[in-house]
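What follows is the residue order along each chain.
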Amino acid sequence: MDKLLEIRDLCVEYHTDEDNVYAVNHVDLDVYKGQTLGLVGETGAGKTTTALSIMKLLPQKIGEITSGDIKLNGESVISKSEEAMRKIRGKDISMIFQDPMTSLNPVYTVGDQVAEVIKLHYPDYNNSQVEARVDELFLMVGLPPERKTEFPHQFSGGMKQRIVIAMALACEPQLLLADEPTTALDVTIQAQVLQMMKDLKEKLNTAMILITHDLGVVAQTCDQVAIMYAGEIIENGTVEDIFEGKDHHPYTIGLFGSIPDMETKSKRLHPIDGLMPDPSNLPKGCKFNPRCPHCKDICREQEPPVYVNGTQTIRCHLFK
Amino acid sequence: MSVGTGTQAAAAPMQKYKKRSQIAQIWGRFKKNKMAMGGLILFAIMLVIAITAPLFIDYEVDVIQQTISERFQSPSAVHWFGTDQFGRDIFSRVFWGARISMFVGVVVVVISLIIGSILGAASGFFGGWLDNVIMRFMDILLAIPGTMLAITIVAALGGGIQNLLLALSIEQIPKMTRIVRSSVLTLKTQDYIEAARACGTTNARIIYRHILPNAIGPILVQASLTVARTIISVASMSFIGLGINPPEPEWGAMLSEAKAQLMNYPYLVVAPGLAIILTVTSLTLIGDGLRDALDPKLKN
Amino acid sequence: MEMPLIETKNLKKYFKTGRGTLHAVDDVNFQIFKGQTLGVVGESGCGKSTLGRVMIRLLDATEGQVLFEGKNIMDYNKHQMNELRKEMQIIFQDPYASLNPRMSVSEIIAEPLKVCKVITNKKELEERVFDLMKTVGLAERLVNAYPHELDGGRRQRIGVARALALNPKFIVCDEPVSALDVSIQAQILNLMMDLQEQFGLTYMFITHDLSVVKHISTEIAVMYLGQCVEKAPADELFANPIHSYTKALLSAIPIPSLKYRNMQNILSGEVTSPIDPKPGCRFAARCPNAKPECTGCNLELKEVSPNHFVSCIKYM
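Chains as they are written, first to last, in this note's numbering: chain A, 2 to 321; chain B, -7 to 292; chain C, 4 to 319.
No lab work stands behind these hints: they were computed from the structure.
Cβ atoms here follow ideal geometry from the backbone N, Cα and C, with glycine treated the same way.
Among the hints, erroneous ones may be present.
Dumping the calculated BS3-like pairs for lysine-lysine here, alpha-carbon to alpha-carbon at most 30 Å [claimed, not checked]:
no.	chain 1	residue 1	chain 2	residue 2
1	C	Lys15	B	Lys180
2	C	Lys89	B	Lys180
3	B	Lys180	C	Lys81
4	C	Lys262	A	Lys4
5	A	Lys247	A	Lys199
Residues from chain C shown here face chain A by an in silico Cβ test under 7 Å; the list is partial [stated by the list, open to error]:
no.	residue
6	Glu46
7	Ser47
8	Ala100
9	Pro104
10	Val215
11	Lys250
12	Pro257
13	Ile258
14	Ser260
15	Glu273
One chain only, chain A, in its complex shape (with noise of 0.2 Å):
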């Protein structure tokens, strides 16, 4: 398998008036040609941080990558002038944002939003072809192409998203970014555009990292996946290292135990107790180590070492 994107030890921080914000701390990741990697957290994780700093597009002044580097095809992005990585923003890596509502603009018709990416990157294409061209994604993302001249405020909310896809693949990038594609919609639409998004990644080979808080999306939809918590990769696997592995990190234990299984009908759940650390004032040793029932007295002291068990790593005391 082809490695297209390569993340190594990649640090995060968002420097606000009081204190740094450790967003995201020593992450590697790697994303092959064609797969989908699910990263999974929930809110604070660092997810959306690792994303917006593969494109390059943290908050300028407030966030900061102050280690690491990330690799498209062999090639440095950290280095990139903003200059090249406009170019690159919309043909070789593009994003999904979560809400459809608020990712398109209200007065152009969305047949203009999307025709607008195919004129930026392919400036020498004529009327006729950018035309074509959006009837086309329109087809892709199963839209009547007739409805390119209507403006947002007339389609749904699924409508949109497939929009916002049909934008984002305009360019048929090598990589797609999802950030929650699915999470504002209504399950019977979610699973229409999930099942979309994956023909599409077939058709296309696109590789995708798709963020969500969501294990049921993950089981369906992805090939890889690394689960953040407190801005580190707690474990990194296939699809099925996680979901049918015997060994595990105690917080994607944890994450498991809070679902409420559809199979058996169990009388309480088994939720990890206590909160997400606070990241701008991050526990010493293990981050995990406050709300871990395994806790011994080395998680409190020292960083776990990555244990590495044939495709899957464990960021984790317990393993050795």
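Keeping the supplied structure of chain A fixed, place chains B and C upon it in accordance with the hints.
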């Protein structure tokens, strides 16, 4: 505002836990804003001057009495800002003028705040025909340019401070009403209002316990800006001779008197002009600072 | 037979809009018995939140009755309603919008007690507040904190404590966990189930999340465009769904297990608008088994097996 009152006055166990009232939190945030603090200090100085002026200035002798022999003196150790065409000390007159401007500003803001809050809260909260009647009337008032409205009222009812207060209040009430109404409209759809209804809270209690404390931010900001605007309005009304009449030392009136001598004695306009600028600027800075400090969602 | 704690009879709630009459709740009938939980499931716009608000009369019904302990509360006058407010409460979805940002935790929890004048003595009031905080698992030291200083899970606990303050019998839970992270969601669900056991509470649990509703409910009603299309005990509904919409809904849930990969049957089309709906089955436009006679007929819930009700032309 209702913050800081309530259960904290109660007995033993709750006192174990330090209560940081919201006023303290708001003050904490306000303090960090250097511009706003600058404005507050400046305004406080103006206010102290206005209140204590009678202690060191004799109204009859320093402010009103004409001493023709001393007219048009340049600034000196005796007359810091010089004297005017009637030989009166400009320093004393400007300081006394602060009393008038502050008084008018505060009275107008209190009147428009009370009436505007009642009308705006009723209009936004109950909606329907009441809203229609109140807001259409306010629209009519807003459709007439403010100064024109004030001029018309004073011209119709005659000069004097009462009519001036009335005219300026009528000019400000619609603006206050609109601000209060729009905050009430957004607040009344919040879930916590529905939660209050679910335990049978009366409308009056919902308004004063849940809606007004949350609308206090925009209202206070508007109030501080209203004072600033009113001070300018008084000055401009006096400048054209419809506000405070000579020999009262109103800043606008002083500017008006000085304008004839502007070419020969330019220092005459400096003091009253500066007084207006400083007061208005300080209030604007306070208003901006309040806007940021009053948002409870901003972290400390 | 035992009397249900709360019951709706032909309950309707219409809203007049610029484009016609919106049938938010259209002829809904069900009963909830004491100590049980009715889960109400549906997608956005199916009228489930409106139903919850009509049940406790935060909104007046357009037609029909809500019987609480056998009496129609739609006929209650203001005074009777104020008494009844102590019996029924609501927990909201958004833990940020449902708490007054200018009130401290203790003030928020004490507010219902003050409004209903249940406790007037300051000392007792304070004891009750601490008591409630303990019940919902809030640390005592948070008593004077303000909502914006707390995280979503703790805020939702405040919402629960406020709802419990008056010792209600019936609580409408309007998506109480959907704004929370999974691990926090599980904490709140456990809390709600413990409270139900401890105080014998009756819940109406509104949600779009089927796995949550299965976990907490005794009975489930599936709503589509203002109508209840299927109603059955929780296990029965999941084991043996009958209505095509229920089947589609169940199959659309992403299950966190690899066994079901690529096994979804995906429903085409989207929810249409509940404004001036035509008579007949409202799901017909999306139903894979729709027949011409589905439109135009009048449907009602039919009991197809014990306690399992379906509204579909196949069973009329």
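Now the hints, each set against the structure:
no. : hint                  : verdict
1   : C:Lys15 <-> B:Lys180  : holds (25 Å)
2   : C:Lys89 <-> B:Lys180  : holds (22 Å)
3   : B:Lys180 <-> C:Lys81  : holds (21 Å)
4   : C:Lys262 <-> A:Lys4   : holds (28 Å)
5   : A:Lys247 <-> A:Lys199 : holds (28 Å)
6   : Glu46                 : holds (4 Å)
7   : Ser47                 : holds (6 Å)
8   : Ala100                : violated (17 Å)
9   : Pro104                : violated (20 Å)
10  : Val215                : holds (6 Å)
11  : Lys250                : violated (11 Å)
12  : Pro257                : holds (3 Å)
13  : Ile258                : holds (5 Å)
14  : Ser260                : holds (6 Å)
15  : Glu273                : holds (5 Å)
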